[in-house]
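Put chain B on the given structure of chain A with help from the hints.
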Amino acid sequence: MKYKLVHKTEYKYAEAVNNYHSLVCLAPRSLPDQLCQNFTINISPEPSHIIARKDFYGNTTHYFSLHSPHKTLTVLTTAMVERITDATGSLFLPSEESSETARQRLLGDRALKISLLEYMLPSPMVKWDQEVRNFAKDCFQEGVPLYECVKALCRKIYSEFDFVPDFTTVHTPIKDVLAAKKGVCQDFSHLAIACIRSYGFAARYVSGYLETLPPPGRPKLQGSDASHAWISVYIPDYGWCDFDPTNNIVPGERHIVTAWGRDYSDVPPLKGIIFSYGKHMLNVEVDVIPV
Amino acid sequence: MLTEAPVDLLQSYQSGLSSYDEVLDMNGNIKPYWKALFSKLEKLGLNELKSRNQEIISKLRENGVTYNVYGTPDGLNRPWQLDPIPFLIEQKEWNGIAKGLQQRAILLDLILKDLYGPRNLVKDGIIPAELVFDNTGFFRPCIDIKIPAKNQLTMFAADMARGPDGQMWIVDNRTQAPSGSGYTLENRVVMSKLLPELAEGMYVSKLSPYFNSLQNTVLKLSDKSKDAPNIVYLTPGPNNEAYFEHAYLASYLGYTLAQGDDLLVRNGCVWLKSIDGLQKVDVIIRRIDDDWCDPLELREDSRLGVPGLLQAIRLGNVQVLNPPGTSVLENHAFHAFMGNICTYFLGEKLIMPSVATWWCGHVKELNYVLEHFDELIIKKANRKTKFRSRYGRLLSYAEKEELKKMIIQRPHEFIAQQEVSLSTTPSLINGNIEPRYAALRAFMVADENGYHVMQGGLTRSSPVKDRFVISNQYGGLSKDTWIVSDKTEEVQEKIVFTSPVSVNKHVSLPSRSAENLFWIGRYCERTMAVIKFMNITINVLNLDRNFGGSAKQEHIKILLQSLTHLSSTYPGFLEEEDLMSDPYTEIIDLISNTNRPGSIAANIGSFLNAVGAVRNQWDQEIWRIVDLIDNGYHEIRNASSMHNNNIQKTLDGLFNNMFTFLGVIAESMPRDNSFLLLETGKLIERILSRVSVIQSNFGVKNAPGVENELIEATLINHHLLVNYRQIYKSHLSVEAMLDMVLLEKTLPYSLVYMLDELKNNIGRLPVTTRSERLNEAQKYVLQASTLVKLADVTELSKSNVGYERQELFHLLSEVSRLISSVSVNLTNMYFSHTLMHHSFYDPKEYDTDEI
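Chains as they are written, first to last, in the working numbering: chain A, 1 to 291; chain B, 1 to 851.
Careful, some of the hints might be misleading.
Stated by the list, open to error - Computed cross-link-like contacts, SDA-like style, restricted to lysine to any residue with a CA-CA straight-line distance of at most 25 Å:
1) A:Lys113 with B:Asn367
2) A:Lys54 with B:Lys146
3) A:Lys127 with B:Thr136
4) B:Lys745 with B:Met829
5) B:Lys364 with A:Leu106
6) B:Lys146 with A:Ser265
7) A:Lys12 with B:Asn267
8) A:Lys113 with B:Arg266
9) B:Lys404 with A:Gly200
10) B:Lys146 with A:Gly272
11) B:Lys280 with A:Val164
12) A:Lys54 with B:Arg266
13) A:Lys127 with B:His362
14) A:Lys4 with A:Ile50
15) A:Lys113 with B:Pro411
16) A:Lys113 with B:Lys386
17) B:Lys123 with A:Tyr238
18) A:Lys127 with B:Lys384
19) A:Lys113 with B:Gly339
20) B:Lys113 with A:Ala111
21) B:Lys779 with B:Tyr753
22) A:Lys71 with A:Ser48
23) B:Lys364 with A:Ile114
24) A:Lys127 with B:Arg410
25) B:Lys123 with A:Gly200
26) B:Lys280 with A:Ala52
27) B:Lys380 with A:Pro69
28) B:Lys364 with A:Arg105
29) B:Lys404 with A:Asp129
30) B:Lys386 with A:Met125
31) A:Lys113 with B:His362
32) A:Lys271 with B:Trp271
33) A:Lys127 with B:Leu366
34) B:Lys384 with A:Ala111
35) A:Lys175 with B:Arg410
36) B:Lys123 with A:Ala111
37) A:Lys271 with B:Asn267
Everything labelled a hint here was simulated from the structure, so no lab data went into it.
If we strip away everything but chain A, and leave its shape as in the complex, we get (with noise of 0.2 Å):
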C-alpha cells in the first residue's frame, strides 16, 4: 500500500517567542516492510539551518531553532510511504515456543541480550510494580507461546481499558492509567510495555501513523488521520513482531513505523524548549492519505 503523509503542526502562543530550539522527530523509518520517499519538512518561521541527524536508535532527527519574535510556528511534513505487506498478521504463528523457553533463550545467548538489554530494563517512563504483574499474570503463561501471550495481553487492555482522550497528558504515570482503566495509544503502549518486561522479555515503544478508514458511506476528512504509537516485542526465531493494544490487532500495512525507543521519551515528535512565558495553543492535522 502506497500513501502520501501529511503532517501539519500549529502552534500559537499568547506571547511572542523570542527564542526557540526544536528536535523534530517525524520522518518514516525506512525498513525491509517500509520504503519512505521525498520526506520534506517546512518550519515558518523558516529557521536558518534544518539540521537532520540519525539518534542512538537510528530514527532521524532534525534540529532547528529560532531567534525572531513569532505568534505561530508551523512545522509542516510530508513524505511518500510505501508498506510492503507482510506474511504476518494472525494467519499463522511466528513461534511456537513457549514463552518460558523464550525467556532462557534472551538471557543465555548473550549477543542477544546486549542487543534486547535496554528493553527488558525499567526505563524512564515505564516502570513497574508487583501492581502491573498481577494485571498481566493471566496473560503470561509458562506454556503458552509468548506470541500468544502479548496477543492476549493487548486483548486485555483493548476490552478492559477506554479509549478517552484529553484524561491523561504524556507525564502521565502507568499506575494512574491502571487505575482509571483509560487513555490514549502512548498510555496503552507504555502499559503493555511494562507487562512485557515485567515478565522478562524485550519490548520496544514505536511512534508512527496510522491509517484511519472512514465509517461506511461517508467520505474521509481531512486532517482525520493521527499520530499513533503501539509496541515491538522481540520472538525468538522470529524477530521484533509489532502489536497495537489500541487497536487489539497486529499491525499491517495501515501503520507506518516513524520512531521507535524504549518508550514515549526517547521518541517524542516534537519537542521545544521556548524562552517566553504564556501559554499556547496546539493544534496538529495528519492526513494518511492512500495513492
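Coordinates of chain B only, in the frame set by chain A:
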C-alpha cells in the same frame, strides 16, 4: 634537615594511635618527613598553632572562602574548614601514585570512547551490558559528542585512601566536572601565608604547573584562527555548594564566569550575552553535571544548561570540557571490573587497585555479598538514587533482611565494597593533635603528553573519631597536601605555551554580571542614604526627647515622614499617628526587618547577594570590607534587642564600611564597563534619594523655626553643613540652601554635579545601536540636568496660598521621573535578556557533587 628529635607532641600523638597511621611506615617507624613536620610543630608550640588556626579561620572568612551546605538554615556561605596540619606524602612515593593515577585516567578515557563507540567491552564480555544500559550516566544523545583531542576525558579527579597494605587505593572517580582544585589552591595560599615555617627545610611541590597545563589544553582546543579565544567557566550559580570555587578558578584562570542563561545557541554556535552584544564562545569549562547541560536533549527541566548546546558541540563550533556523557564512568560498578578492563585494553596489571568491589548482577558475586554482609558497604551502582550507602555490620537483623530482599529483587542495581580500615592522619581537633581518617583527592588534566597529575591534592579528614565522614556536606575538614622532597630541582617543570600567549584585550561583561554591578551600586547607595538620613532623624529625636529641644514637634514629624518616603516603606509615618508618639518601634523595624522591602536590613541583604553573585570581580581588599558589612548585617538584624546607642554605633559602622567599599572601588577598580555600571547605579540612587528628601522636607512651606531644623538636616544629608556655614554663617535660608544643594557645581552631592557625572558615565557605556545620536538614557539625563540648571532658586523657594512650593515640587518630580526612566532604559538596553528564567532555580533539586 632531620636534626631535632621531637619530644612531646609526636610522642603523645603516637601513644594515642589505635590503628595504623600516616606518620608510621610499614615497620612502625616514624616517616622522616612527618618527624620533621612534628619538630616544626613542636617548635611552634601547641598554643601558637591554635592561634594560627584562629588566624586561618579569619583569613578564610575574610577571603570569602565558603562551601555551601544544603539543608541547613545557615547553610549558604558556610566558611570553608582547613586543618592547619598538612597531609604529607614523600615525592618518591607520590611518583608511584602518579603512575597509578595516570594509568587509571588512560583506562577511563578508553572506556569512555568505547562505551559511546563500538562497545567492545560489552561485546567481548569484559563488562556486563548492564553497566551501559542500566547506567543512568549513559546518555544516548552523547554518542556523537566528541572533542577534537586525543583524550576525551580531559579533567579527572580520583579519591584515594591508604589501605591496610600501605598502598593507596582508589575509592571513587570524578569524571564529569571534578570539584576541589580551587579549594586546594586556596588552601595552599592560606597555609603559605599563615604557617610558612612548617615547610622550612623541605621542598613542597608546586600546584601551578597543573593549572598551566589546564590552560594550555584549553587554549589548544579553542579556535586557532582567533588570537583571543573566548573561554567561559559555566557555573550553576551562587546557590551551588562550590560556587566560591567556580568564581575563584574563573578569575585565577582568566575565564569568564557565566551561568546557563548567560549563554545562547544561535546558528549552531554558543554566544555569551554581554553588554557589548553577543560574543561567540569557543570553549566552555562546565561545572554542571551531564544531565543538566542541555534541556533540549537531556533533562528537560534543567534551567542550568543551554538549549541546543549538544548540537553546537556536534557541529564543532564549541568545545565543552568534560564533554557531556562522561558521567557514564562514575557508576560504582566499574570498580569491580577495572582489573579485567586494564588487561583487556593495556595488557598490563592495574598499578593502583580499586577498593574491592562486587557487582551483584552475577550469581556468584551476589551469593558472596549475601554471605559476607558484615564486611561490606552496600551501595547502588548508579549515583543519585537517593540510596545512602550502608555498612553491613551496622544494620540490625531486620534491616539486613530487608536490604537483602531488595538486592535479590534487583541484583544488578547493587554493588558491595569491602569495608577496609583506612589510615589515620594527624589533625588539629579542639586544640589537640589527634588521629583522624583521611582521604585524598588527586587531580589530573589531559595534555599533549598524556595525563598531568597535580603535585598535591585535596585531603579531607573526618571530624569524628573512628569514623570515616569526610564529605564537606557532613562537616569534613580539608587539609593542604604536600608532596615533599629535599631537593628542589627534580620537579621543576617548564611551562611552554603551545601558541604565543594571546591577550584578550577586551573582556566582555556578561549581561547578568553587568546587571548585578549596577544593582550593587544602587543597593549600596540606597542603604547609605537611608542610614544617613535615619541617623540625622534619630539625633534630632534624641535631642528633642532628652534635652527638651526648642522647636515644636512639627519638624520631627516631617523628618520621620521623609524617612518613610525615602525608604518607600509606606504607610510608615504617613498614616499612623501611634507611630509618631513612639517612633522607635517603627525605626527599629525599618532597621532590622529583613522581610520588609526598603528596610536597611533588606537593602543590605540585596547588596550582599548582588556582591556574591559577581564575586569574581572583587579582590581581597574588597572582600575584607564585604565581610565587615556582613558582620554588621548580622548585628542589625537583632536591633530590637540592642541598646539604642549600640544601634547607632552599628549603623555608623555599616555606613563607614559601605563608604570604604565605594572608596576602595573608586581607588582601585579598572575604569571599564563594570566600574561604569556600578557608578551609574550609585549615581541614580544618590540623585533619587536626595531629591526625595528635599521634596518631602520642603514641598510644603513651614514656620521658620521648623524650616531651620529641616535646612540643617538637609545640609547634613548632602554633606554640606560645614560648607554652608563657612559661606552663610548661622543664617539659615531655604533659598541659600537650595542654591547650594541644587546648583553648586563643585559640590559632589549637589544635584547638578551628580547629574553631570551621570551624563558622563552613560556616555562612556557601550553603544548598542549604530546611531551616533544620543540614546534615550542620555536624553533623559540631559533633560534633567538642563531643567535643574535653568531653574531659578528664588522662584523655587516661593510658595502659593496653600503654602505649597509648587515649582520646586514639580521640578523635583520631573527630575525623579526622568532619572527613573534612565534606569528602566539601561535595563532594557543592557540587561533585558537576563530577565528570562531569572530565579527559577531551586537548589534543592540539584543533586550535589559533594566534595
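Practice prompt. Could you check the structure against the hints above and give me the numbers of any it violates, in ascending order?
Written response: 4, 8, 11, 16, 27 and 34
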